[in-house]
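Please construct the entire structure, taking both the sequences and the accompanying hints into account.
If you read the sequences in order, they're chains A and B.
69 is the number that this note's numbering gives to position 69 of the first sequence; each next residue is one higher, with no gaps.
172 is the number that this note's numbering gives to position 172 of the second sequence; each next residue is one higher, with no gaps.
All the given hints hold, so there is nothing to weed out.
Identical chains blur together in the list; that is why a pair holds if it fits in one copy or across any two.
For lysine to aspartate or glutamate, the following EDC-like pairs were computed, each having C-alpha atoms within a straight-line distance of at most 16 angstroms:
| hint | residue 1 | residue 2 |
| --- | --- | --- |
| 1 | Lys129 | Asp207 |
| 2 | Lys55 | Asp148 |
| 3 | Lys150 | Asp203 |
| 4 | Lys39 | Asp78 |
Calculated directly from the structure, the hints in this document are not laboratory data.
Computed from a predicted structure; not experimentally measured.
2 protein chains.
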Amino acid sequence: MKQKQFPSTHPGRASSHPERTQLQEATVAGVRNPSLAEKRREQICDAALELFLQKGFASTTIRDICARSGVNQASIYDYISNKNDILRRLLNQLWFSSGAPSLPDLLAEHPENTLQENVAFYLKEFWSKRRKGTLLAYRTVPHLTKEDRKAMRARDEQFISRLAESIEDLTHLPENDPRTLIVANLVLFMANFGPLRDWLHQDLDNDMVADTVAAAIVAMIENLARYSPEQSESPSIQD
Amino acid sequence: MKQKQFPSTHPGRASSHPERTQLQEATVAGVRNPSLAEKRREQICDAALELFLQKGFASTTIRDICARSGVNQASIYDYISNKNDILRRLLNQLWFSSGAPSLPDLLAEHPENTLQENVAFYLKEFWSKRRKGTLLAYRTVPHLTKEDRKAMRARDEQFISRLAESIEDLTHLPENDPRTLIVANLVLFMANFGPLRDWLHQDLDNDMVADTVAAAIVAMIENLARYSPEQSESPSIQD
DNA sequence: TGTTTTGCCTGACAAATGTCAGCAAATTGT
DNA sequence: ACAATTTGCTGACATTTGTCAGGCAAAACA
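Okay, here's the thing in structure tokens:
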């Protein structure tokens with residue numbers, strides 16, 4: 001109940017994993033029953049997410065979260081170790097393990113579709129499954145530690161380099177051409193387009209936006225391929 | 001010194017201007033000398049901006065701002081009326097009157113350049129002149145009032161519809177085709193690309209990114225033009 | 001039924017925060 | 001040099017905040 005126990009007090013331990021694939025969650029020993037603890041943590045995180053998106057992290061109080069989740073102000077510390085811990089747990093589930101697909105996987109699994117179709121599908125999935133994660137991440141950067149930011153960037157860069165490889169294949173650009181990286185960045189960025197802009201713009205049809213953006217991405221990639229050194233004439237992008 | 005005087009206590013007055021073109025700044029009568037007041041306000045805003053971007057709005061305290069700007073904790077209220085007022089003043093100068101050019105103007109003033117050159121120039125200017133404004137805006141949304149958000153959106157939408165008109169001209173798409181609007185949105189969004197992503201990615205050459213993004217935008221627009229109903233064969237985009 | 005365990009909650013504390021009253025210091029005008 | 005005005009500042013206020021100690025009731029167990 002009272003005694004919390006912090007993870008990896010061994011200082012050398014954390015850095016033995018060179019790339020952490022998640023953010024460190026404090027282990028809290030307030031409540032014995034693990035399934036109950038999990039259930040409460042879910043309540044807490046659900047409430048916190050809504051509030052963080054609505055009012056921002058810093059001006060959401062523990063009292064707000066308790067009121068909304070129905071958990072008592074004292075009890076909450078039996079399930080989470082502090083306010084930042086809630087944020088980390090949220091990012092773990094929304095940023096690191098959101099159900100959003102990856103474009104390279106999609107291309108490999110559905111070669112029967114055109115590039116444009118696959119990209120459009122990818123965008124729609126991403127926008128619906130990662131909306132909140134993206135919003136939360138972009139808005140709470142200042143409240144994250146340097147290490148957490150680094151872990152998040154690492155995750156993104158992993159996506160991006162896989163994407164860059166795909167683009168390399170599509171365009172036949174050489175491996176060291178930085179433009180594949182840039183375009184990969186751009187694609188990921190456009191995948192964020194919906195969530196990030198929705199505070200500004202909510203009156204456009206989502207599917208049509210996705211289709212237009214997909215067309216734009218395809219045009220981008222085709223344009224890159226057109227100036228590839230290996231194939232200067234209309235390369236075969238359609239797979 | 002002590003007496004503050006708040007603007008437009010007449011409730012009906014503010015809404016007589018249908019589109020406010022800035023955010024409401026409280027008039028503070030603490031200090032008589034207007035140039036001194038302006039100088040102090042600048043100190044305060046400069047310090048506040050750095051801190052807001054570093055630590056976020058809510059967790060930056062008035063004491064932080066005072067320490068950094070050299071203004072006394074009590075005196076600060078002789079120059080600004082409250083913490084939110086600082087944010088509004090910052091957004092007024094960084095969002096509403098940043099020196100960033102508009103792409104339609106650029107196209108009109110420099111018809112001797114290619115579309116790609118103009119777009120690339122636009123992006124570089126935007127990224128350098130509007131970087132902080134964009135970051136600040138996107139991160140502080142939750143702390144703005146509904147009216148303020150509306151005013152900011154209005155500003156953006158004004159840009160976007162002018163841009164959509166330009167794209168209409170370039171692509172010869174009909175006026176009611178929503179894709180021009182979507183592409184205009186995308187262009188503005190990509191103009192935000194640099195600032196927003198720099199917490200994730202700082203190791204790419206800025207100019208090369210701008211050139212590649214410009215190429216992507218041009219490809220997007222050409223692609224749109226290619227399927228325009230009026231000109232189905234390679235339309236003349238180069239001006 | 002009596003005891004022990006487990007989860008919940010009332011109440012509170014120390015620290016931090018936005019805000020300012022009222023006075024001291026400096027500047028200005030004469 | 002003096003008075004009047006303008007600016008700067010010490011110190012403090014009421015609140016809000018994150019966090020928890022310690023007790024209480026219900027459930028599990030004997």
